[in-house]
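Chains as they are written, first to last, in my numbering: chain A, 1 to 319; chain B, 1 to 366; chain C, 1 to 254.
A few of these clues could be false.
Result set (SDA-like, lysine to any residue): computed pairs, CA atoms no more than 25 angstroms apart in a straight line [to be verified]: (1) 359(B) to 28(C); (2) 234(C) to 210(C); (3) 100(A) to 283(B).
If you're looking for bench data, these hints aren't it; they were derived computationally from the structure. Just so you know, these numbers come straight off a predicted model, no measurement behind them.
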Amino acid sequence: MILEEILSIFLGIFTDYTLRYVALGSAILGITSGALGCFTVLRKQSLFGDAIAHAALPGIGFAYLFAGTKDSLVLMLGAAIFAWFGGMITLAITSTTRIKQDAALGITLSVFFGLGIVLLSYLQSIGGASQGGLDRFLFGQAAALIESDVINLGILSALCFTILILFYKEFKITTFDSSFGQSLGFPIKYLNVLLTSVIVVAVVIGLHTVGVVLMVSMLIAPAAAARQWTSNLKNMIILSAIFGGLSGIIGSMISSTAEGMSTGPVIVITITAILGISFVFSPKQGYLFKHLRNQRKSQISLDNIKTISDKEKENHGNI
Amino acid sequence: MEISSDLIIIGTAVLVAANCASIGVFLVLRKMAMMSDAISHSVLLGIVIAVFAVGGREPVAVIVGGVLSGILTISLVELLYRSGKLKQDSSIGIIFPFLFAIGVILVTQAGNVHIDVEHVLYGSIEFAPFDTLYLDELNIGSKSMWVLGILAIANVSFIVILYKELKISTFDKSLALGAGLMPLLVHYLLMIMVATTAVVAFESVGAILVIAFFIVPASAAFLLTDRLSRMLVLSVSLGIISAVTGYLFAIFADVSISGSMATITGIIFGLIWVFGPNRGLVSRWRRISKQRFEVDLGIVLTHIHKELGSDRQVSTSSMSNSLGWTKEYSKKLSEFIQEQKFVEKNAQGNFALTNIGLKKVENYSN
Amino acid sequence: MEQKSSKKNSESEKEYSVIIKNLSVTYRTEPALWNIDLNFPKGQMIAIVGPNGAGKSTLIKAVMGLVPITAGKVSIFGKTYSKNRDKVAYVPQRGSVDWDFPTDALDVVEMGLYGKLGWFRRPNSKTRNLARECLDKVGLSNYADRQIGQLSGGQQQRVFLARALAQDAQIYLMDEPLNGVDVITEKTILSILENLKKEGKTIVMVHHELQTVDKYFDWVVMVNRNLIANGPIKEVFTKINLDRTYQEKQRMSI
Chain A
1 MILEEILSIF
11 LGIFTDYTLR
21 YVALGSAILG
31 ITSGALGCFT
41 VLRKQSLFGD
51 AIAHAALPGI
61 GFAYLFAGTK
71 DSLVLMLGAA
81 IFAWFGGMIT
91 LAITSTTRIK
101 QDAALGITLS
111 VFFGLGIVLL
121 SYLQSIGGAS
131 QGGLDRFLFG
141 QAAALIESDV
151 INLGILSALC
161 FTILILFYKE
171 FKITTFDSSF
181 GQSLGFPIKY
191 LNVLLTSVIV
201 VAVVIGLHTV
211 GVVLMVSMLI
221 APAAAARQWT
231 SNLKNMIILS
241 AIFGGLSGII
251 GSMISSTAEG
261 MSTGPVIVIT
271 ITAILGISFV
281 FSPKQGYLFK
291 HLRNQRKSQI
301 SLDNIKTISD
311 KEKENHGNI
Chain B
1 MEISSDLIII
11 GTAVLVAANC
21 ASIGVFLVLR
31 KMAMMSDAIS
41 HSVLLGIVIA
51 VFAVGGREPV
61 AVIVGGVLSG
71 ILTISLVELL
81 YRSGKLKQDS
91 SIGIIFPFLF
101 AIGVILVTQA
111 GNVHIDVEHV
121 LYGSIEFAPF
131 DTLYLDELNI
141 GSKSMWVLGI
151 LAIANVSFIV
161 ILYKELKIST
171 FDKSLALGAG
181 LMPLLVHYLL
191 MIMVATTAVV
201 AFESVGAILV
211 IAFFIVPASA
221 AFLLTDRLSR
231 MLVLSVSLGI
241 ISAVTGYLFA
251 IFADVSISGS
261 MATITGIIFG
271 LIWVFGPNRG
281 LVSRWRRISK
291 QRFEVDLGIV
301 LTHIHKELGS
311 DRQVSTSSMS
321 NSLGWTKEYS
331 KKLSEFIQEQ
341 KFVEKNAQGN
351 FALTNIGLKK
361 VENYSN
Chain C
1 MEQKSSKKNS
11 ESEKEYSVII
21 KNLSVTYRTE
31 PALWNIDLNF
41 PKGQMIAIVG
51 PNGAGKSTLI
61 KAVMGLVPIT
71 AGKVSIFGKT
81 YSKNRDKVAY
91 VPQRGSVDWD
101 FPTDALDVVE
111 MGLYGKLGWF
121 RRPNSKTRNL
131 ARECLDKVGL
141 SNYADRQIGQ
151 LSGGQQQRVF
161 LARALAQDAQ
171 IYLMDEPLNG
181 VDVITEKTIL
191 SILENLKKEG
201 KTIVMVHHEL
211 QTVDKYFDWV
221 VMVNRNLIAN
231 GPIKEVFTKI
241 NLDRTYQEKQ
251 RMSI
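Using the sequences provided together with the hints, build the complete structure.
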């Protein structure tokens with residue numbers, strides 16, 4: 001009985017007009033933020049995505065104010081510009097003062113967002129934007145995605161992946177050993193800017209689907225989950241993209257079953273569940289297999305390669 | 001006595017600012033600023049559950065629910081972080097969206113209990129004057145001001161009583177750990193105060209703007225002083241100024257009150273960041289430019305001294321070649337050292353150190 | 001400070017791989033290196049020694065332009081670093097990298113070839129094989145697919161060396177490579193470096209252990225913000241110079 005239901009929902013992705021686009025848009029988000037999230041996490045900038053997602057709000061307001069249109073591409077451009085700007089401010093604060101990154105992120109996040117709220121209230125009073133605009137920003141509008149939205153998102157995502165593929169080894173060396181990369185002649189500063197810009201695009205996609213509050217989870221959770229299964233960067237990126245995409249599809253499927261259930265939160269719960277499963281069941285790092293291995297270990301002697309203590313080993317896979 | 005609505009709103013805002021800005025000082029110093037981000041979002045879940053449990057928006061239940069979910073958030077983050085699988089900021093970025101997501105789903109699925117999205121995220125301080133408490137039919141004033149006032153007393157007591165412990169455990173964790181259980185206790189108590197303050201302030205200015213009051217005035221104060229006591233006073237003052245100015249601006253421009261207040265905290269921060277004495281960008285730039293020049297001066301004089309010892313000549317033109325500087329800059333330095341009588345030109349037009357110049361070089365050498 | 005050679009420029013360039021003139025590096029107001037004139041002779045094992053914070057790491061970073069130079073010039077085989085980048089290989093300190101990064105030993109070595117690949121070209125079987133050869137040279141062929149965090153300190157150091165070997169450079173600049181490594185690793189690294197020296201390459205190493213300087217090296221650079229001494233071990237590595245190098249750093253009043 002249940003299996004039939006699941007099957008019918010799954011088929012709904014292909015047949016049901018709205019569900020198709022919701023699932024597709026969510027999958028695009030999941031894949032993109034999954035892949036790029038690997039870099040934010042490895043660069044120890046997990047919450048950076050949260051800050052720049054919040055910083056995007058005034059951008060949407062200004063875009064509407066100056067362009068006077070609700071065209072989603074224009075609004076996304078505004079969002080991207082301000083998100084990028086927010087990122088730059090954060091970096092400027094940490095590099096020119098003794099304020100640490102966590103506070104700098106908090107400053108950017110709350111002040112930009114406050115400015116956005118002011119703008120939105122102004123627009124409301126002159127009869128432009130509706131309250132719905134803010135709702136969509138906060139919670140995303142995965143459930144309201146239409147064909148043109150999905151096409152736009154697809155194009156943005158393709159752009160992200162093109163850059164990722166073109167500059168893969170450069171991003172890799174920038175993240176792993178930037179001074180060595182610099183000694184080889186790679187312009188590390190510009191590569192960092194490029195990488196940040198691509199992440200901004202991923203964030204803008206995320207804003208459109210799951211909204212500002214939940215965006216940050218989509219940058220971290222798929223990458224963290226993938227890391228549990230592999231120690232190879234390329235595989236980690238691919239797996240993270242798969243996890244992200246899956247959570248997008250499953251999330252849309254589940255939320256379509258109940259009336260009025262927001263898609264964004266369900267996607268986030270799905271990816272967090274995938275993360276939890278990875279923690280427990282992954283062969284290399286998971287708790288289950290570790291437990292089984294520990295029981296066997298007392299019978300096997302350590303080989304002399306392991307000069308690192310076992311305790312240190314447990315800390316690997318730290319993201 | 002009729003108290004004007006404006007005053008009540010301002011009063012509420014001032015209390016929110018003071019409460020958050022004081023506790024926020026410790027968040028900033030302990031590098032836990034983003035914890036306020038996490039708690040502010042996840043309180044939604046606690047509030048939702050509390051509202052379900054008592055069937056309405058009873059303030060006590062809401063506060064308890066919020067605080068409990070705040071504690072839940074902190075505990076889960078610590079759990080995740082100490083398992084060694086995730087760093088702290090990653091843990092935060094996973095837990096709070098998860099809890100927030102659950103909260104949102106419960107809200108949308110609940111149906112009969114209505115929780116406003118807008119209220120959650122940027123509060124409704126405009127309604128403070130109308131949300132009044134009655135004691136035997138006597139209007140004793142705005143509910144939120146009472147609650148905030150009580151919270152302020154709690155916060156002040158917390159800070160005053162535990163001042164020494166807070167100070168030690170913030171600045172020297174290793175020293176504090178040797179002193180026993182206190183640091184851990186202080187840590188959890190602080191987190192509880194953060195959660196409580198967040199929940200209460202939440203009602204007035206909403207989740208995201210609570211973060212502004214926690215972090216921005218404290219950060220600005222951090223740029224102005226090294227002393228904890230001064231930082232606390234400055235942070236609260238800046239917070240209050242932001243609150244009042246923000247309110248006045250919002251009334252004038254007819255825009256969101258809480259948004260304005262948050263923006264003003266940012267503007268004040270920006271001003272201090274750029275123009276602040278000592279640490280401000282402008283004063284640093286001036287200082288660094290001056291220091292740069294001093295260093296280059298030392299380099300030039302040492303260079304001349306060294307070259308003369310090897311029978312090589314230094315002139316303005318050879319300077320830029322040897323030291324890798326632009327011709328304009330070399331010229332500027334040449335003129336300066338001649339003006340200051342550190343050097344004089346010999347017969348061939350090259351530089352020789354004067355006695356004054358020689359003395360200055362001796363300062364620099366090994 | 002005496003210049004040992006009063007030879008003409010062109011001859012000097014034949015003998016020296018790196019020529020440093022009037023080099024000063026300052027962080028804010030604190031001079032890290034002050035007015036250094038220094039040449040690295042070709043085909044020698046050169047040690048850089050000095051107390052903590054003396055500017056040793058800064059010196060090799062300045063040669064590569066990894067830190068901004070306040071004054072002075074560096075030339076590598078007669079040209080600027082950016083023109084002769086491919087002639088220099090850099091081995092940074094082990095602590096400069098996050099060893100939890102999801103990559104294996106072979107992958108790290110292959111990164112040494114990214115410079116030669118240039119923009120947009122991908123690592124291929126040729127680079128893989130080259131990397132494998134280098135890994136083999138340092139005795140780690142069995143560890144090619146080991147995640148780097150699972151390697152011992154000495155093995156990590158050898159991976160860094162293999163990466164530098166992949167660059168096939170003329171000058172090797174190394175920052176404390178023998179610090180905290182096991183005996184096998186130290187022997188392996190030194191024998192590889194000896195072979196490189198025989199091929200006429202220049203090895204420059206920031207070295208932390210004074211006892212082994214005259215055993216392993218031909219030439220020594222003694223620095224404590226200023227250049228204290230620079231020359232062949234037998235002539236320059238004396239007690240007087242050591243005392244001058246390791247005395248309390250003078251406060252520079254700027």
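Given the hinted pair residue 100(A) and residue 283(B), is their alpha-carbon gap at most 25 angstroms? 20 angstroms, holds
- Message: Checking one constraint from the list: CA of residue 234(C) to CA of residue 210(C), max 25 angstroms. Satisfied?
- Response: 14 angstroms, holds
Exercise for the section: Please work out if residue 359(B) and residue 28(C) have their alpha carbons no farther apart than 25 angstroms. Expected result: 24 angstroms, holds
Checked against the numbered hints above, the structure violates none of them.
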